[in-house]
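Asks: Sequence:
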Amino acid sequence: MARASARHILVDNEALCQDLLEQLKNGADFAQLAQQHSTCPSGRQGGDLGEFGPGEMVKEFDQVVFSADVGVPQGPVKTQFGYHVVEVTNRS
1 MARASARHIL
11 VDNEALCQDL
21 LEQLKNGADF
31 AQLAQQHSTC
41 PSGRQGGDLG
51 EFGPGEMVKE
61 FDQVVFSADV
71 GVPQGPVKTQ
81 FGYHVVEVTN
91 RS
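With my numbering applied, the sequence shown covers 1 to 92.
Simulated from the structure, these hints should not be mistaken for laboratory data.
Bear in mind the structure is a predicted one, so any value in this text is a computation, not a measurement.
Heads up, a few of these hints could be off.
Said to hold, decoys possible - In the SDA-like style, the derived pairs of lysine to any residue whose C-alpha atoms are separated by at most 25 Å in a straight line are:
{"hint": "1", "residue 1": "Lys78", "residue 2": "Asn13"}
{"hint": "2", "residue 1": "Lys59", "residue 2": "Asp12"}
{"hint": "3", "residue 1": "Lys78", "residue 2": "Gly50"}
{"hint": "4", "residue 1": "Lys78", "residue 2": "Ala2"}
{"hint": "5", "residue 1": "Lys25", "residue 2": "Glu56"}
{"hint": "6", "residue 1": "Lys25", "residue 2": "Met1"}
{"hint": "7", "residue 1": "Lys59", "residue 2": "Thr89"}
{"hint": "8", "residue 1": "Lys59", "residue 2": "Thr79"}
{"hint": "9", "residue 1": "Lys78", "residue 2": "Asp48"}
{"hint": "10", "residue 1": "Lys78", "residue 2": "Val58"}
{"hint": "11", "residue 1": "Lys25", "residue 2": "Val70"}
{"hint": "12", "residue 1": "Lys78", "residue 2": "Asp12"}
{"hint": "13", "residue 1": "Lys59", "residue 2": "Ala15"}
{"hint": "14", "residue 1": "Lys59", "residue 2": "Lys78"}
{"hint": "15", "residue 1": "Lys59", "residue 2": "Val77"}
{"hint": "16", "residue 1": "Lys78", "residue 2": "Gln23"}
{"hint": "17", "residue 1": "Lys25", "residue 2": "Gln74"}
{"hint": "18", "residue 1": "Lys59", "residue 2": "Gly27"}
{"hint": "19", "residue 1": "Lys25", "residue 2": "Asp48"}
{"hint": "20", "residue 1": "Lys78", "residue 2": "Gln63"}
{"hint": "21", "residue 1": "Lys59", "residue 2": "Arg91"}
{"hint": "22", "residue 1": "Lys59", "residue 2": "Ser42"}
{"hint": "23", "residue 1": "Lys25", "residue 2": "Glu60"}
As the list claims (entries may be wrong) - Okay, the calculated beta carbon distance ranges per label pair:
{"hint": "24", "residue 1": "Lys25", "residue 2": "Ser67", "range": "14 to 22 Å"}
{"hint": "25", "residue 1": "Gln35", "residue 2": "Ala15", "range": "17 to 25 Å"}
{"hint": "26", "residue 1": "Phe52", "residue 2": "Ala31", "range": "31 to 39 Å"}
{"hint": "27", "residue 1": "Asn26", "residue 2": "Gly55", "range": "18 to 26 Å"}
Heads up, the beta-carbon is just placed ideally off N, CA and C, and yes, glycines get one too.
Sequences and hints are given; from them, build the entire structure.
Replies: Here it is in structure tokens:
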């Protein structure tokens, strides 16, 4: 069964999500941005969500995590919780 590890930054609007994605493309530190901006409790750990399998996260999140390139920030990913910048850190 496939497994993945990911981190994310959860914000409440698409414009901020786009801005954070742009900052990451320009070399900003993912963990630092997550600590500063994420509304998810995982922000305190740099956005780290640990390891999980398909179906353990909401559908929109799963689709990105199990298809995107490892190490490349993706977004905005809209879910019922808000807008996410997502980075797959490992997948097997």
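Asks: Quickly compare the C-alpha distance for Lys25 and Glu60 to 25 Å and report which way the hint goes.
Replies: holds (22 Å)
Asks: Holds or violated: are the alpha carbons of Lys59 and Arg91 at most 25 Å from each other?
Replies: This hinted pair holds, its Cα atoms lying about 17 Å apart.
Asks: Given the hinted pair Lys25 and Glu56, is their Cα-Cα distance within 25 Å?
Replies: Measuring from Cα to Cα gives roughly 28 Å; hence the hint is violated.
Asks: Kindly confirm whether 31 to 39 Å is satisfied by the beta carbon distance between Phe52 and Ala31.
Replies: violated (19 Å)
Asks: Can you tell me whether the CB distance of Lys25 to Ser67 sits inside 14 to 22 Å?
Replies: This hint holds: roughly 20 Å between Cβ atoms.
Asks: Holds or violated: Lys59 and Val77, Cα atoms, limit 25 Å.
Replies: Distance ~11 Å between Lys59 and Val77 Cα, so the pair holds.
Asks: For a C-alpha distance cap of 25 Å, please report whether Lys78 and Gln63 respect it.
Replies: holds (12 Å)
Asks: Lys78 and Gln23 were given as a pair; does the straight-line alpha-carbon distance stay at or below 25 Å?
Replies: holds (19 Å)
Asks: Is it true that the CA of Lys78 sits at most 25 Å from the CA of Gly50?
Replies: Roughly 20 Å between the alpha carbons, so the hint for Lys78 and Gly50 holds.
Asks: Verify the proposed pairing of Lys78 with Asn13, using a straight-line Cα cut of 25 Å.
Replies: Given that 25 Å is the threshold and the Cα spacing comes to 9 Å, the pair holds.
Asks: Would you check the hint for Lys59 and Thr79, treating anything up to 25 Å between C-alpha atoms as holding?
Replies: Holds, at about 8 Å.
Asks: Are Lys59 and Asp12 close enough, with their CA atoms no more than 25 Å apart?
Replies: Holds, at about 18 Å.
Figure legend: structure checked against the earlier numbered hints; hints not met, in rising order: 5, 6, 18, 26 and 27.
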